[in-house]
Amino acid sequence: GRAAETTLVILIPSDVANLDPAFCMDNVEWRQTYVAYDRLVQYDGKSTKVKPMLAESWDISPDGKVYTFKLRRDVKFWDGTPLDANAVKFSFDRVQKMGKGPSEAFTVLSEVKVIDAHTVQMVLRHPFAPFLSCLATNGGGIVNPKVMREEKNGDLAHEYLSTHLMGSGPYKLKEWVRDQHIILEANPDYWGGKPKISTVVMKIVPEPGAQRMMLLRGEAHIAEGLLIEQIQKLRGEKGIVIVEDPSQYCCYVYINTQRKPLDNPKVRQALAYAVDYQGIIKSILQGCGTQMRGPIPAGMWGHSESVFQYQRDVAKAKQLLAEAAVKNLKLKILYSDRVPTWAQEVMILQANFRDIGVKLEPEMYAYATMRDKIDRGDFDLCMGVWMPDYADPYMFMTYWFDSRNFGLAGNRAFYSNPKVDALIRQAAVSSSQPEREKLYLDAQNIIVQDCPYVFLYQKNYLLPMRSNVKGFVYNPMLTNIYNLPDMWIE
Amino acid sequence: MNMLTFVSRRLVAMVPVLLGVTILTFLLSHVIPGDPARLLVGQKASDEVVKRMREELGLNDPLHIQYWNYLKQLLRGDLGMSIRNRRPVVQDLAERFPASFELTFVSLLICVIIAIPLGILTAVRRNHVVDHVARVLALLGVSTPVFWWGLLLLLIFYFRLGWLPGPGRIDLAVPPPAGHTGLYILDSLLSRDWRALGSSLRHLVLPAFCLCYVYLAVMTRMVRSSMLEVLNLDYIRTARANGLPERAVIFRHALGNALVPTVTIVGLSFGELIGGAILTETIFAWPGLGSYMVDSVLFLDFPAIMGCTILVCLIYMAANLIVDIAYGFLDPQVRWG
Amino acid sequence: MGEKLLLQVENLHTYFYTLQGVIKAIDGVNLCVREGEILGLVGESGCGKSVTALSILGLVPSPPGRVEGGRILFEGEDLLAKTPAEMRSIRGSRIAMIFQEPMSSLNPVFRIGDQMIEVIKLHKKVSTGSARIQALEMLHEVRMPDPEAVLAKYPFQLSGGMLQRVMIAMALSCEPSLLLADEPTTALDVTVQAQILNLMKDLIRKRNAAVLLITHALGVVAQTCDAVSVMYAGTAVESGSVESIFRSPAHPYTRGLMECIPDPSRKSGKLKIIPGTVPDPVNPPPGCRFHPRCYKATATCSQIRPDPVRVGPDHVVCCHYPEEG
Amino acid sequence: MCPGAAARNYGLREMSPWMKDFLFTIRLVYRNTLAMAGIAIITCLVLVAVFAPLLAPYSPIDISLDERLSPPSASHILGTDEMGRDILSRVIYGARISIRIAVTVVTIGGAVGSILGATAGYLRGRMGSIIMRVMDMILAFPALVLCMVLAAALGPSLNNALLAIAFVQIPKYARLVHSQALSLREKQYVLAARSMAASTPWIIWHHILPGCLSPVLVLATMGMGEAILLAASLSFIGLGAQPPEPEWGAMVAMGRQYLMDHWWLATFPGLAILVVAVGFNILGDALRDILDPRLRR
Amino acid sequence: MTRMPEPLLEVRGLKKYFEIRKGFLMRTVGWVKAVDGVDLAGYPLETLGLVGESGCGKTTVGLCIARLYEMTSGKIYFQGADLTSLAGKRLRAMRRNIQIVFQDPQSSLDPRMTIKRSVGAPLAIHGLAKGRALEERVADLLRMVGLDPQHMNRYPHEFSGGQRQRIGIARALALSPKLLILDEPTSALDVSVQSQILNLLRDLQQRLRLSYLFISHDLGVVRYMSSRIAVMYLGKIVELAPSEDLFCMPLHPYTQALLSSIPSTNPAHRAMGVTLEGDIPSPANPPSGCRFHTRCTYARAECAKFEPALQDAGAGRYVACHFPLSDSR
Ligand SMILES: Nc1ncnc2c1ncn2[C@@H]1O[C@H](COP(=O)(O)OP(=O)(O)OP(=O)(O)O)[C@@H](O)[C@H]1O
Ligand SMILES: Nc1ncnc2c1ncn2[C@@H]1O[C@H](COP(=O)(O)OP(=O)(O)OP(=O)(O)O)[C@@H](O)[C@H]1O
Ligand SMILES: [Mg+2]
Ligand SMILES: [Mg+2]
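Chains as they are written, first to last, in the working numbering: chain A, 1 to 490; chain B, 1 to 337; chain C, 1 to 325; chain D, 1 to 297; chain E, 1 to 329.
If you're looking for bench data, these hints aren't it; they were derived computationally from the structure. Warning: the hint list may mix true and false statements.
What the hints assert, rightly or not - In silico DMTMM-like cross-links for lysine to aspartate or glutamate, where the CA-CA straight-line distance does not exceed 25 angstroms:
hint, chain 1, residue 1, chain 2, residue 2
1, A, K89, A, D74
2, C, K272, E, D279
3, A, K373, B, E55
4, A, K174, B, E246
5, E, K75, E, D104
6, D, K172, B, E48
7, A, K97, B, E55
8, C, K121, B, D324
9, A, K318, D, D261
10, A, K152, B, D324
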């Protein structure tokens, strides 16, 4: 009957580890937390612009260093505690005191001041243009300060929040049976109105084949773990729709610029010329993706169609190698089974590089080990993917190219160019978007010539779901996160 | 030697083995390259954050200190906190173990139920067609990847025919039975929750069959060869010379003795399966130890790896102990000698 | 000694089909056991004594063995023509067998009582209670100390001599008319062997059962048996009453055997020997099987198999040139 | 002076005894249909591995993105995989790796296990029980985890995976040989050797180990198939042969993702594993019969 | 019989207890007193027979003398030298003087070794010969025991039982020992083969000037082979006498029972002498006093209390009995 139809079943490939918003850094964990906590601002539909959420309005001081927010007055946490300025201060202080991954987005934040019960002021160390965008990330969720009752050994209630949700959002955690399912239930008293879907079940089904069967039999509404090939096969099946949207999920190859002969830009360019970009997109992505043009992906402001884009050109590549006087080059490429398409991409790269006389040896490691090697720079080439946490080119430019971010932190090519450093550091503190755009374009042009990464493609977001699920909107900043309060089942 | 001293002797003998296992796991899990602290704080974290994390996890101490600390914890029954999900490893294991136990137990039960008659049949009809067919069928089981059978079974019985439920331990609509063991079948029986019983039994069928097929061959062969062995013995000849009917000779006189080695195999397989059913668990979304263990290794979650290993070793040893006790019941020489 | 023939084995052939070839374990054996008589079956190890007994009971392990020819007449009926079910009803009740190794011939996981009662119940169709009483009686009769306790014991808890007594009690409990005793005392010490043999003799006389006593100890035969058959390499070479065979062995092999026994009176000299070794059962020599080792062999011996010749009352020998008394 | 033996060995009389025994075994093998079937399968495998370059219609590693996932057809008899590589060629080349796996694992595991087991069984006492306790430990260890951890520690390569699998196999052989050695050490010829002042290693090497050979041989043949399968299951979790090496287990693992729509990817290498495992298994079964002293006499 | 003043082998107070371990942590809960105080002396060139029923400890005595068992207590002197204290190199060297031939020719040869390797093993172990020299030495040995050296590349299973026992003897002779311990060398063989081996042994004794310790339970064979015979019962020597004297007039009741239990091969002599009742007690729990009293027809109350010592009964005879048999009884 009707009651049953207000349950949404999402198949997910693996269990999540942690639910503490000041701790978790993975989109699959945000899937649960994002709907449990409210933020000051939120993304507006498909766009990367922000709109008010808890904050009804805000002011930014002229120097771009002080943000003043006016909070809604009707918001209560699930336990009835009113959500006020203190809660906001508590939440941001907590993130910073915890000092885990999410705090990275708020390093610029120097102080949160409670002006009155419903006014809160945030002081930045220096102007930081993407700050509002940061507030829409998962780390900006407002946690009920009462959680401190659960604190143990000064852990700021981390242990408790790892397995519990304590917010004011539209969904609460009803049940979490490890490796079986996570069940969220609607918060009937939500200030934004009671969500239509009363229960959301995240059922863990690791095997893609099994997920597909369940989806086809209508036992599940959404399947997250299907491979591209399988999704393509689902096209045209009755009762199934496939959401396809451009995303900012970027796939690229790190080139260790500190190693000989990869320290020579010509060699790196030769590699970039050797790659069969269109072949990869056509075969591995089944056409559901586009080749990247420069480091800033399409869909993010700052992206420019004028940036140079490498295309497969074997002759050119050979010529560059000859100019660099490199012969019989043998390289190792690091990857893991974390991303299922990596193995195939590596094989294509191997074939491509063979054409220009470069021998590529694949080395597959467990994901954890691979990351360790990346951090230590112990590789020649390495496969990588990147997704922005908030809608700002900073997410790409500073992380990837700033020589302060060597290693796993982001600059995985160990790329260092003082000119680029200067440009992107300036862009980071400027609050004028046109100026930043200009700075980033200059930087991109240099970078593309230096070629510290091979920019492969931007993958489309593909999600198969039952056609009776309505209202889902994909926001490129919120991959794996569902706008559950706006969704319903017909 | 009475049973009690025998059991306690075996228990004491387990201690050095367990200790060795902890040392071995500890060393092994620490030689794997990779930094759990880095994994924990997320990839965009700065070095500063990582360093703090390392300290927090005690990863900067010398290895022997780390081991000693671990051992001290262990003696208190504390397996530490999982690095991955910040929960006590004991709690994680306590949730997965019943699922694994249930699956393993049921599939071995099915296996024994099929393997014993099949083994007897093939032994008695040695080199007849039945023998060959049974052997080839059983061989198919050992030589074919589990996921093949798994997906095939799902495809037929769940997807096409709809006779059996899909992946999972119990229907979503059915609340798990109340109880403390975590074994759904036992719990639902105890609490007379027939709906849960039916649902969990139906969910068990496919994975249990899938898992049991692997061991069927080994066990059938074991029963067959020990049966052949026993049928050649003098006292079987005596039984025949006394004019006992063939049925009595095979089932009364031969089978009891032939079961002894089979019991060993069952015990060993139990230990092996409890942590080794990774693929079956994956395909049937079974929340067991196997996949937990693999995830832990891939994540370099040391406390979880150690916890799993110790648990699996304990189960293995317990299974062997039970086998030894079963020996006592099957073989009076052990019981009285 | 009654004159009625109880068991008659005629020209029996039992072969084993092994990977190495066909082993002609029994290749022409003739035997007869009269009622109330103890017939000794002697011969070297491997000459086919046990297989003869197993053939009579229809228990030749198959594969690889098979009875290939001949007749086994028991009380006038051919056992080889019987169905398995008929054979089962004969085994244990009319023909019983005692095996060589008492320890391995009893099921280790059942109590002595269980095993005895099972057999008595099966053949005598009585209740467990009365089967138990009969088992106790039998154990008493074989002079087992404390039979009650023994019934509750497992085989490994008894000594070899006691087990052998259990075997005898079990074999005799259904009052068979023929007892096949396959080396019943080789596993025992001389002093215990003497006890057991005496006991067996008494019991059998009491019940008027005939016995085929298989052994290779000539002393045991001389002390226990009424008649003797001598086997060599799968064939029966000589048979007759104990006295005649021991006094005047007619076959060169029998004679050789007798002479090999160390003679205390001729201590200084060399012992007599039979030269050569037992033939390979896969490729036995043609003609008389003994001819390669026989001191009086001729060309005839290597070509023609000798037929049984009567050399005295009840004394038959298969030799072209039997020894003179 | 040895008429019995002479009569038995007419035609073979002049040959060396080793040769005779060998020929006898061969004759038994020849007469045993199962053994012949097993040998035929394994011979085929070896031939395929040796002549792989001649037999394979295509290169096993050249990718051809236009022909991805094409079903079996005239040009690609077993179809192509997700990289457009010819599956038949990959299966053929895969035989090389599989043989390497089987042989290395069984040789290392068998040799080390046998020596440890023989030593433990012969010495008994403290040394023996220490060895066997260590073996128990390895056995109690979840095998896959042990393999994973070892392979991860040593670095992922086929050779390291093989070492790991071999390591896990050791206790099996050790146990088998141990129990055998316990009975062999009571043999009078061992006592005789001691009375001749033979040293412990001499006795283990000359009496105990050779005495355990035939059960070890049987276990080893059975183990070959198992080793291939274990290597395959390591491939499932990404340890073992590195792409694009055409290892069957890795092919099956990759093909699993495509099983529902493109069945041929996993099925053919899976069948290859099956055939080889069956081959080794029936050879092992037959060898057990042939080496059985009861049947051999 | 001429008695040499200097014994070749002297055993004094030999005891060998095997532990019975049981219970928690395998504590020793008892001892199998397999050999419990045996004194023996063997003289050069003689054959000393050792008889007794199965399990009475004969093999254990033999193995202790060959130092294959560590004995519990007692001393063994060989040519006046204390064997018990030897170890290492000196023990190795001493082993060459005492060799042993086992009961079962089948299990005393490794089925996987050619005859050449089996017989040559002692030479190889002691580094006495190599290559061709070793082969020649093996050929000599085989010839000595009446085997064709051409067969030296064969395996044990290609020989008959008697031939295998010859091979065992050849191997024992390889190190040119002075004392050969023969542990039931013919009990696994048939009568016809047995006589071949016995002939060979007597022959070799004369040619190689060997001394034998001949262990057997077959009294007929022992009588034929030995000059003196020791009778064992439950780990103790109960009687020791020159062989003819023993057979003509046993002094110990056990010897008497043993002799009369031998089935005579003469069907005319069916009368059984003294037959014993009951089974042999276990050496783990031997009866008190005289160990034989539980089965002895002549036992009196004292027998259960006091243990008789082995006493000189004159004429080179010794007996351990409170009431030895005599004609006067
Ligand atoms: N199951 C069998 N398979 C193959 N050959 C067999 C089998 N049983 C007996 N034989 C062969 O049959 C022949 C006769 O064996 P049998 O057991 O009758 O000898 P036996 O006279 O009883 O000897 P023993 O005195 O040693 O008991 C032997 O050559 C033996 O090898
Ligand atoms: N290794 C051992 N461990 C424990 N007990 C033993 C051992 N060897 C022998 N025994 C026991 O010691 C006693 C004497 O054994 P031994 O072998 O010396 O007797 P034997 O006279 O040679 O007997 P047989 O005539 O059967 O060869 C027996 O009761 C036996 O059970
Ligand atoms: Mg026999
Ligand atoms: Mg002995």
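Evaluation of the provided hints:
At most 25 angstroms may separate the alpha-carbon atoms for a hinted pair to count; A:K89 and A:D74 meet this at roughly 18 angstroms. Of the supplied pair hints, the one linking C:K272 and E:D279 is violated, its CA atoms being roughly 36 angstroms apart against a limit of 25 angstroms. Taking the CA atoms of A:K373 and B:E55, the gap is near 20 angstroms; set against the 25 angstroms cutoff, the hint holds. Under the criterion of a C-alpha separation no larger than 25 angstroms, the hint pairing A:K174 with B:E246 is inconsistent with the structure, at around 62 angstroms.
Distance check on the hinted pair: E:K75 and E:D104 sit about 28 angstroms apart at the alpha-carbon level, beyond 25 angstroms; violated. This hinted pair does not check out: D:K172 and B:E48 have alpha carbons roughly 48 angstroms apart, beyond 25 angstroms. In summary, the hint linking A:K97 to B:E55 is supported, as the alpha carbons are separated by about 16 angstroms, within the 25 angstroms threshold. For the proposed pair C:K121 and B:D324, the alpha carbon gap of about 34 angstroms is over 25 angstroms, so the pair is violated.
Under the criterion of a C-alpha separation no larger than 25 angstroms, the hint pairing A:K318 with D:D261 is inconsistent with the structure, at around 39 angstroms. A threshold of 25 angstroms between alpha carbons decides the hint, and for A:K152 with B:D324 the separation of about 46 angstroms lies outside it, so the pair is violated.
This entry does not satisfy hints 2, 4, 5, 6, 8, 9 and 10, going by the numbered hints stated previously.
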